[in-house]
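**Q** Produce the entire structure from the sequences given, and follow the hints as far as they go.
Under the working numbering, the sequence shown has 215 at position 215, and the numbering climbs by one with no breaks.
What the hints contain is simulated information worked out from the structure, not anything from laboratory work.
We treat Cβ as the ideally placed atom computed from N, Cα and C, and that holds for glycine.
A couple of the hints might just be wrong.
Subject to a maximum C-alpha distance of 30 Å in a straight line, what follows is the list of computed DSSO-like cross-link-like pairs (lysine-lysine) [to be verified]:
{"#": "1", "residue 1": "LYS165", "residue 2": "LYS24"}
{"#": "2", "residue 1": "LYS148", "residue 2": "LYS104"}
{"#": "3", "residue 1": "LYS35", "residue 2": "LYS174"}
{"#": "4", "residue 1": "LYS35", "residue 2": "LYS213"}
{"#": "5", "residue 1": "LYS24", "residue 2": "LYS104"}
{"#": "6", "residue 1": "LYS212", "residue 2": "LYS24"}
Have a look at the derived ranges for each label pair, beta carbon to beta carbon [unchecked claim]:
{"#": "7", "residue 1": "SER218", "residue 2": "VAL144", "range": "24 to 32 Å"}
{"#": "8", "residue 1": "ILE12", "residue 2": "LYS131", "range": "37 to 45 Å"}
{"#": "9", "residue 1": "ASP90", "residue 2": "LYS210", "range": "42 to 50 Å"}
{"#": "10", "residue 1": "ASN202", "residue 2": "VAL81", "range": "19 to 27 Å"}
{"#": "11", "residue 1": "LYS175", "residue 2": "ASN13", "range": "27 to 35 Å"}
{"#": "12", "residue 1": "LYS175", "residue 2": "VAL144", "range": "25 to 33 Å"}
{"#": "13", "residue 1": "PRO103", "residue 2": "VAL204", "range": "39 to 47 Å"}
{"#": "14", "residue 1": "LEU239", "residue 2": "THR169", "range": "38 to 46 Å"}
{"#": "15", "residue 1": "PRO103", "residue 2": "SER147", "range": "17 to 25 Å"}
{"#": "16", "residue 1": "LYS210", "residue 2": "GLY83", "range": "29 to 37 Å"}
{"#": "17", "residue 1": "VAL112", "residue 2": "THR231", "range": "40 to 48 Å"}
{"#": "18", "residue 1": "ARG25", "residue 2": "THR171", "range": "30 to 38 Å"}
{"#": "19", "residue 1": "ILE12", "residue 2": "LYS175", "range": "43 to 51 Å"}
{"#": "20", "residue 1": "MET237", "residue 2": "SER115", "range": "29 to 37 Å"}
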Amino acid sequence: MFDEPYRWVDAINQRRDYIEEQLKRSSPVVAVSVKEGILMVSFFRRTSKIFEIYDRMAMGAIGHPADIELIRMAAINASHVEGFTRSSKDVSIRRLTMFTLSPKLKSAFEDVMSSPMIYRGIFVQVGGTPKEDLFLDLDFGGQVQPSKGSAAISHEEDVSERIRKLLPTETLTKKEALPLLIHACIAGSPDFEDMGLDSDGNIVDEDLYKRKKESFFSEREPDIHLLDRKTGLLERMLLPEDK
1 MFDEPYRWVD AINQRRDYIE EQLKRSSPVV AVSVKEGILM VSFFRRTSKI FEIYDRMAMG
61 AIGHPADIEL IRMAAINASH VEGFTRSSKD VSIRRLTMFT LSPKLKSAFE DVMSSPMIYR
121 GIFVQVGGTP KEDLFLDLDF GGQVQPSKGS AAISHEEDVS ERIRKLLPTE TLTKKEALPL
181 LIHACIAGSP DFEDMGLDSD GNIVDEDLYK RKKESFFSER EPDIHLLDRK TGLLERMLLP
241 EDK
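**A** Here's what the structure looks like:
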């Protein structure tokens, strides 16, 4: 009887380890403010990881496709209900993540009698200027983490931190920022140690990096989108030929 709380904590830790192991092969998702809006970049093998949620709002996610779709639909439905009952100006990623999605994920994670959601996501909202852009990370346990100017998610926090250090800290154009975001995604991939990079993601072997980069692109499709500052719409971008 008295050891029940400890069993629950044990089960929670096992669920955390299980989810992070499932996320291990996922390519990261990165997002950064640029002059034209918010640039979001990832790579995929089967399905896209970046989605429009509402006017001026988008989501990037890694995890099981079914769980990503559940969160995507919950976000879309909640946003449209909020916009219809109140005003489209009242719809924000803060309210969406804090009051709708976070409780849903927390409940699924802590209910040890059911399957947890294999999910980790970024929510972004583009503003009139880069300083007004909003970035929120949403974890499988319901934790919400805001950030300024950029965001990155991967299978574990140490890798996400390595990626963040490679993201631009000044506001660039989408053309200037894109190569940096592509490199950050590659440096955050599970195979980065064999790609001519050091532990911080910096290139130490140019020839090896170039060969591995070509292989990386041959195995994955680039997922590049711009949440446009003027229109508020999520637009797919083509990869430049000089990638």
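**Q** Evaluate each hint against the coordinates.
**A** Now for the hints, and whether the structure bears them out:
Of the supplied pair hints, the one linking LYS165 and LYS24 holds, its CA atoms being roughly 20 Å apart against a limit of 30 Å. Between LYS148 and LYS104 the CA atoms are separated by roughly 25 Å; this keeps the pair inside 30 Å, and the hint holds. Restraint check for LYS35 and LYS174: satisfied, since their Cα atoms lie roughly 7 Å apart, inside the 30 Å limit. With a C-alpha separation of about 27 Å, the suggested pairing of LYS35 with LYS213 holds against the 30 Å cut-off.
Proposed proximity of LYS24 and LYS104 is supported: the alpha carbons are some 23 Å apart, at most 30 Å. Note on LYS212 and LYS24: the hinted pairing holds, with a Cα-Cα distance of about 19 Å set against a maximum of 30 Å. Checked against the hint of 24 to 32 Å, the C-beta distance between SER218 and VAL144 comes to roughly 36 Å, which is inconsistent with it. About 38 Å separates the C-beta atoms of ILE12 and LYS131, a value consistent with the hinted range of 37 to 45 Å.
Distance hint check: the CB atoms of ASP90 and LYS210 are about 49 Å apart, consistent with the given range 42 to 50 Å. Taking 19 to 27 Å as the suggested C-beta distance range, the pair ASN202 and VAL81 does not conform, at roughly 46 Å. Remark: the range hint 27 to 35 Å for LYS175 to ASN13 is contradicted by a beta-carbon distance near 45 Å. A hinted range of 25 to 33 Å holds for the C-beta pair LYS175 and VAL144, which are about 32 Å apart.
In this structure the hint that PRO103 and VAL204 lie 39 to 47 Å apart at CB holds, the actual value being about 45 Å. Between LEU239 and THR169, the C-beta spacing of about 24 Å breaks the proposed range 38 to 46 Å. The hint said 17 to 25 Å for the Cβ distance between PRO103 and SER147, and at roughly 21 Å that hint holds. A hinted range of 29 to 37 Å for the beta carbons of LYS210 and GLY83 is inconsistent with their spacing of about 47 Å.
A beta carbon spacing of about 45 Å between VAL112 and THR231 agrees with the range 40 to 48 Å that was offered as a hint. At about 33 Å, the CB distance of ARG25 to THR171 agrees with the hint of 30 to 38 Å. Distance hint check for ILE12 and LYS175: the Cβ-Cβ separation is about 45 Å, which falls inside the suggested range of 43 to 51 Å. Look at MET237 against SER115: about 35 Å separates their beta carbons, and that is inside 29 to 37 Å.
Taken one by one, the earlier hints fail for this structure at numbers 7, 10, 11, 14, 16, listed in ascending order.
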